[in-house]
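Fit chains S, R and P to the supplied structure of chain X, relying on the hints for placement.
There are 4 protein chains.
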Amino acid sequence: MQDKIGKVTVAVRGYHLDGYGHVNHARYLEFMEEGRWDYFDRHPALMSRLATGDIAFVAVNLNVDYREAAVTGDRLEVATRLSVLGGRSAKMHHEILRQRDGATVVRAELTFVLLDVASNKAMTIDGELRDALAALVVVD
Amino acid sequence: MQDKIGKVTVAVRGYHLDGYGHVNHARYLEFMEEGRWDYFDRHPALMSRLATGDIAFVAVNLNVDYREAAVTGDRLEVATRLSVLGGRSAKMHHEILRQRDGATVVRAELTFVLLDVASNKAMTIDGELRDALAALVVVD
Amino acid sequence: MQDKIGKVTVAVRGYHLDGYGHVNHARYLEFMEEGRWDYFDRHPALMSRLATGDIAFVAVNLNVDYREAAVTGDRLEVATRLSVLGGRSAKMHHEILRQRDGATVVRAELTFVLLDVASNKAMTIDGELRDALAALVVVD
Amino acid sequence: MQDKIGKVTVAVRGYHLDGYGHVNHARYLEFMEEGRWDYFDRHPALMSRLATGDIAFVAVNLNVDYREAAVTGDRLEVATRLSVLGGRSAKMHHEILRQRDGATVVRAELTFVLLDVASNKAMTIDGELRDALAALVVVD
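Protein chains in written order, with numbering that gives the first Met the number 0: chain X, 0 to 139; chain S, 0 to 139; chain R, 0 to 139; chain P, 0 to 139.
Chain X with its partners taken away, still in its complex shape (with noise of 0.2 angstroms):
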């Protein structure tokens, strides 16, 4: 279980500040592209076959909670896992938590489709590539 989700921990400096002096708000979809890339990089079988160039992995939506605010010197602890696998799209979801409290930061799911790079059309995710991420999906 623990394997299927993914964790990397970033410190907050003070270039991720805004006007307030807490992180902005855009720096956080770097934090947690940053936990898909990394949670990418640990399923390299998944990875190679989304890596041909002939599939592009496609945000649509992104529904962000940001519940705490994060100042310079936290440490964040970024979880990212699978979390609903559809037919066409799939959605994975981000948490983000303070270590000095366990506070949770920010909570996210993103929704993407897989595009099929020659149609430009969200392939259907079924076969092969269906079975490798329904091992990974882990729901609430």
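Calculated from the structure, these hints are not laboratory results. Since this is a predicted model, take the numbers as computed values, not measurements. Hints may contain errors.
Given that identical chains are not distinguished, each listed pair holds provided it fits within a single copy or across any two copies.
Subject to a maximum C-alpha distance of 25 angstroms in a straight line, what follows is the list of computed DMTMM-like cross-link-like pairs (lysine to aspartate or glutamate) [as the list claims (entries may be wrong)]: (1) 90 to 64; (2) 6 to 139; (3) 90 to 100; (4) 6 to 115; (5) 6 to 73; (6) 120 to 2; (7) 6 to 125; (8) 90 to 17; (9) 120 to 17.
Coordinates of chains S, R and P only, in the frame set by chain X:
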């Protein structure tokens, strides 16, 4: 009506892109943030009320639909309006259009609260501030 | 002469800041990059020569003086010009002024080469391209 | 000696790239800033002296050589050291190596002052602070 909808134009540059040559999804949040700042710049009476230091504009949820990709050389028009005014929260709506064909690239809604900095709690939006905001709401 | 010096204006926003409430030093590079892109947009004949795909504009050195801090609400004017034309490299000069008082915030020089993509080597800048660039140089 | 040279590793991701598919030159400044923060994290006694709020670490010049391009999937090692200690300014040196082949991608030197916040002037670096910094200098 027109002055209730802010408009800024952004030219897509190389440093906005991701590995597919498309605008990275985190960059759109900066484009939308630029849209909000410009919107508040154009409503200085409202801005001065919010910029006293006693109140912080805090995002609590962001829901973004990514509908089309934008590439280098595209000019994007970011339309920003206040779309919902609730008791203790409100929403701003962004629509990002691609000028060359008028396609909607991104549509997003940001839910925010006005934080009373002293108590660290979301303010009830009432009195003169409510009147000022209510006059700006543009529903779909 | 004036058309040989590009000018773009940037409003400083919260997401540009660092932990001291000043524009983060990496953000100035984006402001200057915006200045360069805008400069090339205004010289389309030159741009079309560079945008064939055979030539890449490659930065080899950047030397930046940070002279003053800029804060939220400042409007910055980024002046961009071609300052030196060498045999196989050239320089662009940027000066970023703060509009409220005319102070120079940043002064920078970027040395670049034009890379011949096929050979992956810096081109000798000669012929028509040299003439086109030479006509744009503005020394101090 | 080794503890006088900070090392952080950065994986190049899609959102770091520019229109050529190479790491954008502004992103390297963030990588180097990460290197500096990490360096100071590892020298907490020094950090606590600098983080009293009375002193600000202010960049006054940055000189960057861009030597090689880095692409998605590259892992970069950012080496950071104090390289020069002057009377009222000092320099930090960064070298960014590409792990796959050991090539130097970027080499940079950042000149900084320690600003006395009360007087808004660069401090003379002397006394205990000078001793602490002097012990960390690593020349070429």
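Each hint, compared with the structure:
In this assembly of identical chains, the alpha carbons of residue 90 and residue 64 lie at most 25 angstroms apart whether taken from the same copy (15 angstroms) or from different copies (14 angstroms). Only within a single protomer do residue 6 and residue 139 lie at most 25 angstroms apart by alpha-carbon distance; the minimum there is 16 angstroms, versus 37 angstroms between protomers. In this assembly of identical chains, residue 90 and residue 100 lie within 25 angstroms of each other by CA distance neither inside one copy nor across copies; the values are 28 angstroms within and 30 angstroms between. Proximity of residue 6 to residue 115 under the C-alpha cut-off of 25 angstroms is found in neither arrangement, the shortest distances being 29 angstroms within a copy and 34 angstroms between copies.
Taking the shortest Cα distances, residue 6 and residue 73 sit within 25 angstroms of each other both inside one copy (16 angstroms) and across copies (20 angstroms). Proximity of residue 120 to residue 2 under the C-alpha cut-off of 25 angstroms is found in neither arrangement, the shortest distances being 31 angstroms within a copy and 38 angstroms between copies. Neither within a single protomer nor between protomers do residue 6 and residue 125 lie at most 25 angstroms apart by alpha-carbon distance, with minima of 27 angstroms and 42 angstroms respectively. In the homo-oligomer, the alpha carbons of residue 90 and residue 17 lie at most 25 angstroms apart only across protomers (20 angstroms), although the nearest pairing inside one protomer, at 29 angstroms, exceeds that limit.
For the homomeric pair residue 120 and residue 17, the shortest alpha-carbon distance between copies (19 angstroms) is at most 25 angstroms, but the shortest distance inside one copy (37 angstroms) is not.
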